[in-house]
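Asker: Sequence:
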Amino acid sequence: MNFAESAALEQLLRERGWEAAEDIQHCNLLIVNTCSVRITAETRVFGRLGLFSAMKKKQDFTIILMGCMAQRLHDEIKSKFPLLDYVVGMFERDQFTKIFDAVERETFWEGSVAGNAKLASFCPQSSNEERYYFSGRSYTEGTFQSFVPIMNGCNNFCTYCIVPYIRGREISRPVESILDEITFLSGKGVKEITLLGQNVNSYHGIDPASGSKVNFPALLRAVSQTCTKQDVIKWIRFISSHPKDLSDELIEVMAEDPRICKSLHLPVQNGSDEVLARMNRGYTVEQYLKIVEKLRNRIPNIVLTTDILIGFPGETQAEFEKTLDLMRTVQFDSAFMYHYNPREGTKAYNFPDRIPDAERINRLQQVIDLQQSITDLKMQQRLGSTVMMLIESQSRNNPDELFGHTEQGEMAVLAEKCDPKHIGHFMKVQLQSIKGKTFRAVPVV
1 MNFAESAALE QLLRERGWEA AEDIQHCNLL IVNTCSVRIT AETRVFGRLG
51 LFSAMKKKQD FTIILMGCMA QRLHDEIKSK FPLLDYVVGM FERDQFTKIF
101 DAVERETFWE GSVAGNAKLA SFCPQSSNEE RYYFSGRSYT EGTFQSFVPI
151 MNGCNNFCTY CIVPYIRGRE ISRPVESILD EITFLSGKGV KEITLLGQNV
201 NSYHGIDPAS GSKVNFPALL RAVSQTCTKQ DVIKWIRFIS SHPKDLSDEL
251 IEVMAEDPRI CKSLHLPVQN GSDEVLARMN RGYTVEQYLK IVEKLRNRIP
301 NIVLTTDILI GFPGETQAEF EKTLDLMRTV QFDSAFMYHY NPREGTKAYN
351 FPDRIPDAER INRLQQVIDL QQSITDLKMQ QRLGSTVMML IESQSRNNPD
401 ELFGHTEQGE MAVLAEKCDP KHIGHFMKVQ LQSIKGKTFR AVPVV
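The opening residue of the sequence shown carries number 1 in full-length UniProt numbering; numbering runs sequentially from there.
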């Protein structure tokens, strides 16, 4: 989501005549977009803000901090970093036009929530979700893929997650706004889009023509129909999906529509029913496995990825081993794996029986090692397959080779010299070998 929001701001600035600077030393405006999902991300931002503040003492440029940290920690940030010019929370992003006006006039915009003479804060304590501002353009010039936000916020309140407290309750973007952006992206030559939301499966829009409700499968059909009209965008992806809201109707749409990529990120988080209940995930392991069975029965070639969170408060050794058992059963193609970190403001922050750091790290390493072996095997099984590949760029390691990814989301490099004119186009290739986590492929004539 942050990539999409950053791209939207970049597009807005380009439309106003701004150009991207080569580096910070040559910029007039620096925008820092932030994430609060994990504490490590916040720690890195604090380090960067210290660096940028030191640079500002020697260089005249405007610094804007935005995103989740701006919403969650605005008072602390204002106190620690008074050289920041603007702190803009999640529900005040519509203020950016006025801020940019002020920057261009070399004046200062205090806005509706004024700071002091040197720092303006746009972070109301009580978030008004209806004020969330969906940009109509989340596009980065010269790219062939684009993110399209379709909703914001989350109603699930998993006990470990800070997101609902920062982004607020779910709001679905109007259907016509989504389709208008997709038409715009087609005109820019975008070949692949990813629909974004904290839980896309709970999308609930309104059909502007009939006034009827539009769920996520219906939105996917409408998106695909819009893509078909221009016939430029060939691949449609979406993320993230919550297992408790994944319907049979969605599985059917994925199976039947050739534009919808046959890959799905479906976070399971843990393999213990007891831990899932403490996490407030809303499903059991058995229910999750039934979804996986339906997906693989209906879409045999589907690539499944997931999130795994271990070391949750109270997680016993037996409960941890159930997660390993689940991984062996499902055989995920890949996974994002992390151990629990307490997030102040979440329900789990006050849970007893925290797992010691050393044990959490040990369990995480076991999960990583197991998934690594599964991923390696799955990749070996893919060798010899003929697939479609979207060529994105020249390889960073060898400019004579071209880099891209497959419909299933796998990274691939063409292992022979190819004309750069193929960049931005699809090519049928055969996966022949593996180097690291990247397939090496050859064109199929």
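In short, the hints are calculated from the structure, not lab data. We put the CB at the ideal spot given by N, CA and C, even for glycine. Mixed in with the good hints, there may be bad ones.
In the DMTMM-like style, the derived pairs of lysine to aspartate or glutamate whose C-alpha atoms are separated by at most 20 Å in a straight line are [said to hold, decoys possible]:
1) Lys188 x Glu392
2) Lys262 x Asp248
3) Lys188 x Glu170
4) Lys347 x Asp400
5) Lys188 x Glu10
6) Lys322 x Glu344
7) Lys57 x Glu106
8) Lys234 x Glu392
9) Lys435 x Asp353
10) Lys435 x Glu416
11) Lys262 x Glu274
12) Lys213 x Glu170
13) Lys322 x Glu286
14) Lys58 x Glu106
15) Lys244 x Glu176
16) Lys56 x Glu104
17) Lys58 x Glu10
18) Lys294 x Asp353
19) Lys98 x Glu110
20) Lys80 x Glu42
21) Lys428 x Glu401
22) Lys244 x Glu274
23) Lys290 x Glu344
24) Lys56 x Asp23
25) Lys417 x Glu392
26) Lys229 x Glu256
27) Lys294 x Glu256
Estimated spans, in silico, between C-beta atoms of each pair [said to hold, decoys possible]:
28) Asn155 x Glu344: 18 to 24 Å
29) Asn280 x Ala41: 42 to 48 Å
30) Asp419 x Ala318: 43 to 49 Å
31) Pro82 x Glu359: 24 to 30 Å
32) Lys421 x His26: 29 to 35 Å
Asker: Decide if the proposed pair is consistent with the structure: Lys262 and Glu274, CA atoms, cutoff 20 Å inclusive.
Answerer: 31 Å, violated
Asker: Lys56 and Glu104 were given as a pair; does the straight-line alpha-carbon distance stay at or below 20 Å?
Answerer: This hinted pair holds, its Cα atoms lying about 18 Å apart.
Asker: Verify the proposed pairing of Lys234 with Glu392, using a straight-line Cα cut of 20 Å.
Answerer: Distance ~14 Å between Lys234 and Glu392 Cα, so the pair holds.
Asker: Between Lys244 and Glu176, is the straight-line Cα distance small enough, at 20 Å or below?
Answerer: 27 Å, violated
Asker: How does the Cβ-Cβ distance of Asp419 and Ala318 compare with 43 to 49 Å: does it lie in that range?
Answerer: Because 57 Å falls outside the window, the suggested range is violated.
Asker: Taking 20 Å as the top limit, are the C-alpha atoms of Lys428 and Glu401 close enough?
Answerer: Holds - the C-alpha atoms of Glu401 and Lys428 are around 16 Å apart, at most 20 Å.
Asker: Lys322 and Glu344 were given as a pair; does the straight-line alpha-carbon distance stay at or below 20 Å?
Answerer: 28 Å, violated
Asker: Could you grab the alpha-carbon distance between Lys213 and Glu170 and see if it respects the 20 Å cut-off?
Answerer: 15 Å, holds
Asker: Are the Cα atoms of Lys244 and Glu274 separated by 20 Å or less?
Answerer: 16 Å, holds
Asker: Hint check: Lys58 vs Glu10, CA-CA at most 20 Å. Holds or violated?
Answerer: 25 Å, violated
Asker: Could you grab the alpha-carbon distance between Lys80 and Glu42 and see if it respects the 20 Å cut-off?
Answerer: OK: Lys80 and Glu42 at ~14 Å, within 20 Å.
Asker: Check the hint pairing Lys188 with Glu170 against an upper bound of 20 Å on the C-alpha distance.
Answerer: Violated, at roughly 30 Å.
Hints 3, 4, 6, 9, 11, 15, 17, 18, 23, 29, 30, 31 from the earlier list are contradicted by this structure; the remaining hints agree with it.
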